[in-house]
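Colleague: Combine both chains into one complex, guided by the hints.
Listed below, chain by chain, are the residues.
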Amino acid sequence: MSLKNWLFAAAAATCLTLPSVQAAQAEDSIYVPLFTYRTGPFAGSGTPIADGMHDYLTLLNERDGGIGGVKLIVDECETGYDTKKGLECYESVKPKHPVMVNPWSTGITLPLIPKAAVDKIPVLSMAYGLSASARGDIFPWIFNPPATYWDGFTQILKYIASQEGGDVEKLKGKKIGYIYLDASFGREPLPLIESLSKELGFEAKLYPVPAADMQNQSSQWLSVRRDRPDYMILYGWGALNSAAVKEAVKTNYPMDKFISIWWPSEDDARGGGDKAKGFKTLNWHAVGADFPLLADIQKYVVDAGKSQAAKDKVGQVLYNRGVYNSMLIAEAIRTAQQVTGNKVVTGEDVRRGLENLNIDEARLKEIGLEGFTQPVKLTCADHNGHFATFVQSWNGSAYEKASDYITPMNDKVEPLLEADAKAYAEKNAPWPERTEACDAK
Amino acid sequence: MLYRETGQFKQSYASDQAIFPILQDRIGLAIILAVAFVAIPLLGNEFVLASLMIPFLILSLGAIGLNLLTGYTGLLSLGTGAFMGVGAYAAYKLSTLFPGINILVWIVCSGFVAAGIGILVGLPSLRIKGFYLAVATLAAQFFLQWCFVRISWLYNDNPSGAIEVPARTLFGIAITGPSATPVTRYYVVLVIVAVMTLIASNIVHGRIGRTWMAVRDMDIAAQLMGIRLLRSKLLAFAVSSFYCGVSGALMVFLWLGAAEPSAFEINLSFLMLFMVIIGGLGSLIGSFMGTALIHILPILIRSLPEALGLPLAAATVEHLTFMIVGALIIFFLIVEPHGLARLWQIGKQKLRVWPFPY
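Protein chains in written order, with this note's numbering: chain Y, 1 to 441; chain E, 1001 to 1358.
This is chain E alone, in the form it adopts within the complex (with noise of 0.2 Å):
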């Protein structure tokens, strides 16, 4: 009744072509971005921002990297966390080496070299396909670590071998290290999420987004149609590891503050690869949900106990929330194997023939 476009007459090839046809689903975005904007900043605490939202967000926009590049190519990958750490340790050299120039355009910059990365590892995806393009991005992800171990250059030859962040500024406000506040830190993420975001689903809907879908129905078919399938597989991956990299810059300047190379490993890859998969391949909102569904509800099955006031031990707690959300994951996959996006459009679908289904 509520959900339902009747009446909404499109007069325009660009109102008809327009991302959110639907008023309701326009009206829906501009609440999610109101309260992400004002109400989670103005409610949050320091806790709700800095281990909640921002991970949150950050580990989104990595899961919409490998969705562009799994999800709607169809090129199965590894190395997202190796990818990452390619955008981690470029804006950390960027930053040391050039430190007078904004950390900002340092953090966009680091998505280039990932890029770049990227599209080397993506080379041999012409002619492999499926598992085997699945162990040939595992080798990239064991190489990169193993760069990130062993070429001291990259981590500025710090005994700890670890990258640590320096404190930059924005407008004179402290945007990364210790003084940074919670808040200003939850700002910036949130707005290159926001726009990186925009980004995502204009180019899916888009040209390239259709030749990417194209070939991941069927590349053979998509090649006889006319698409170039080395040049669209490429872009994929270079998107796609743009995408990576800025969340892992991200993740170390903005979340972390500081990072060995044992936060990009092969684990990182899995978490990522869970999430797209659990939220949903080939769905831009579906990388937020399943991105949810991994990390926000770990850690509010954790402080349950707490907030219930229930004596729990708290390894008993840990090992009670990796028994929840494993049953929860088998249990949304059950449920739908398309994952989490998939629930929700069968949700609007039904709201949309609500009171009578037929």
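Just chain Y, same shape as in the assembly (with noise of 0.2 Å):
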């Protein structure tokens, strides 16, 4: 039996060496991790974010030979959308100098505000997160663009009144339905809605869905039968969505009053079958590879083999989403170089890169997505931009630009992010004044 004393012995031997035998990264290169979730409940969502954001910073490796002359180390590491592995591949990159991360989910993202200060590693964590980080004074390592939860709601508030043909008044006398995650993410919008029922006078149905529960929501449906609401609205992940996009079919809710905040992809719709023709979601760049960067990416990395994404997937909703988000992380990179003129940036150099991050449409075109999506400009005090998103509707096999770029209610949520930056500084007593300077624009 001593074999397996050895084997203890041996293990615990290992235990010791082996992570300190971590590559030491090259001088002459900028490390890029990536934080994915291709395993686990939520790999269907997590998947094609990931190859799109992989595949983008592959092709400006294989085609331009990295940012500025500067080849990029792009490193996944697996999450399984968990915080506790998450925290882990955090410290597993930190060593290697990463010059930011993309935790790529809520949970992930909360314990690494306080810490990114401290380990000078910027944080995008790109429309979830926390949304009071969208205050650069108080946060000035965490960038979360384009635009907060709260703004998705004003916006899709914003398209149902237009829908009744006019502007916010018309809500007034309206029954909005809310089905929601039952988690942080989906309980953010509550207190917006409750100051935003009583001002613009619509009564709100609120149908929370416990996150045990996702897959069964045959009791929520039966409510909104019973409630007939005039307009239904879903902030939901994963299994969430296609569940209540079928639910939605079967209590023949009228599809195109049914409208979900930015993370439905093609699957959830198409779970529906014909009947979830209408089912619309908000969204801030196109679908579809009719660009020439996707173009790019299929000639030089999807064609090349060395995607994990299967052709047919480019340009699907959340494979966009990823490149969206490389798009954000390599203009930061290119903004970071031209601010303080190094090559090989750190992480110091991109939080300045994406606070004068200012991706116009000159830049869309030079990059290859001309109309892809909005122009994104972030600054010192706004980390957000709290940009525009349009809506989009499902086809039956794809989803189509269905409203023109709607803005969100910025007066009705400045002031909630003021409070809640201020709150979050004060519960986080003593949380660490900006020393970092404002870039002079």
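A couple of the hints might just be wrong.
As the list claims (entries may be wrong) - Selected chain Y positions facing chain E (in silico; Cβ < 7 Å):
1) T39
2) E76
3) S92
4) L110
5) R187
6) K427
As the list claims (entries may be wrong) - Below, computed lysine to any residue pairings styled on SDA-like, alpha-carbon distance capped at 20 Å:
7) Y:K94 <-> E:S1179
8) Y:K174 <-> Y:G201
9) Y:K96 <-> E:L1043
10) Y:K94 <-> E:T1181
11) Y:K94 <-> E:L1304
12) Y:K96 <-> E:L1304
Calculated from the structure, these hints are not laboratory results. Built from N, CA and C at the ideal position, the CB exists for glycine as well.
Modeller: Here it is as structure tokens:
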């Protein structure tokens, strides 16, 4: 039985030595870790996002030799959408000096928020995470463009008003149902709903779906059938979205009055079958592969066998979202190179790059994404931008743009953000004052 | 030859009743402690400390808590995750309500809150046993989880719905929050876990532990011998929940740094139960071994391809890890259904008679 003891001893020995054998990074490259979840319960959404992010950065390496002549080291770390594994990923990439992290989970973002300033690694949580981190004066290291969940909610309300043929006054007397994941993400709009429903005079009906019952929403939709709301708003993730679409079809809810925040994918809508036509979601970038950049991705990455994505997946909603995320990463690195003059940038440089990020129409055209999305410009004070989004509608096989770009109700969202950011700093006292200087523009 | 108690005479009851009566065991323990207190902080990098050792110790503490209840007293519980959550939320509430008092005090106090909840949940245990009790604790798990989401007072009305850890110090050194170094956090966790393990060891070797084991083996017989069932079962629930509560508080304050309610969901309860079963029911060292198998082994397997320079995609490695760990769990359970602790014991027994086995 001493063999077993040997095994234990060997295991203990490897435990101490193995992780310290991490390869040292070359000096002339930029390390960009990608936190992905191709496994676990949310893999259906996570895989296209990971592919999009990976393929864009790989394209830059293959076609342009990196950014500004500096190669990118793209390294995936599998989180499985699990906070503990995400933190483990963070610890494992930290010694390699990443220029930024993209947690791709609100649960992983939250513990990283206080760490970012200490470790000097900016966090880019694209349209998720802590909404209040839009405030650059309190969260200098956190960025969450292009819109917060509060922005999204007001954009949906404005869209509903326009469907009713006018301004937000048209919402008066309407009954609006809100079906959401009963976790921090879905509960975030609740204070906004409370104040707006009083102010604009609509009646809000809440249908919380507990995380454990995502796939079983029959009781919620029974209530929907009883209440007959004029419109339904969905804030879901993973299986919740597909189940909601299926249930809505089953209850014969008019799909064109069912509007979701930006997370449902094609598969979520397709699950509802033919009757799911007309289902709407917010989005801030185009779908489809009809852009020079995506053609390049096909040519240099997918056809060359350097991607894990199937050919027909390129151009899907969540794939393009990954591309958009990587565009922000790449442009932030590029801006950092311009602002600091360094070729091999560090996390501190990229933080400045993000604050000076300015992707205008001309730059979008240069990238090969003309008409893909609206220009993005971040500032020292505003780390979100509160950009406009549009509504897209499911036609049975793809999403189609169904509205113009809708701006959020900034006057309603801004006070909430401010109060929230202040409360966060107070509750986490002593919260460090911002010491990073703003770049003059 | 090396591991033999021949010639070690005991001349007092105290030495006969010692937790480690054999000299070699004491030396072994001293080596383990020396490795834990000196070698690991010296040799390990930040990743080893922050991602391997701190979680390992914290989860081990929770596993010890569950082992006291399930392994020693025979009461099956599926509410471990929720009890850990109670500890975490209690520590969060207490430390934000009274920020002037040291966080370590509140971490220990959070254990008492969890113990109180544990007693309430344990009340039905007098009448129900086995699977029925498991269902009752499962109900507690769901109810408590619901509380963590729904009662906004618990998380100070944070719009994020999560509890965030404020920065706190001990003797001027940051022990929680972003500026606390992994080494400090490791030492804090290690001291707490070592002391609490010692206490647990004393409990299970003493009158209380024997009472629990009597209840586990046959509660009617125990009752006839004069053991008050309600009292000892509730005590088991209280002590077990205390350990789980402290473990949960440590998990949020010294490991994760912020936690959503989903951190304490049913998966965590199952994970803890796996650790205890694979490690060995009714064994403290088994709790550590089980945790090592469930927590440390996957990380080692995951880092193996990179260390060897194999170009495998992260997701593939993850799938492989699942398969290998799953196979290993089944392998170990087939080899020894009583867990790793039993293997360890058999190993020691064989060593004792080596090289002349009989």
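Colleague: Next, verify each hint and record whether it holds.
Modeller: Hint check:
{"no.": "1", "hint": "T39", "verdict": "holds, 5 Å"}
{"no.": "2", "hint": "E76", "verdict": "holds, 4 Å"}
{"no.": "3", "hint": "S92", "verdict": "holds, 6 Å"}
{"no.": "4", "hint": "L110", "verdict": "holds, 4 Å"}
{"no.": "5", "hint": "R187", "verdict": "holds, 6 Å"}
{"no.": "6", "hint": "K427", "verdict": "holds, 6 Å"}
{"no.": "7", "hint": "Y:K94 <-> E:S1179", "verdict": "holds, 15 Å"}
{"no.": "8", "hint": "Y:K174 <-> Y:G201", "verdict": "holds, 8 Å"}
{"no.": "9", "hint": "Y:K96 <-> E:L1043", "verdict": "holds, 19 Å"}
{"no.": "10", "hint": "Y:K94 <-> E:T1181", "verdict": "holds, 13 Å"}
{"no.": "11", "hint": "Y:K94 <-> E:L1304", "verdict": "holds, 18 Å"}
{"no.": "12", "hint": "Y:K96 <-> E:L1304", "verdict": "holds, 17 Å"}
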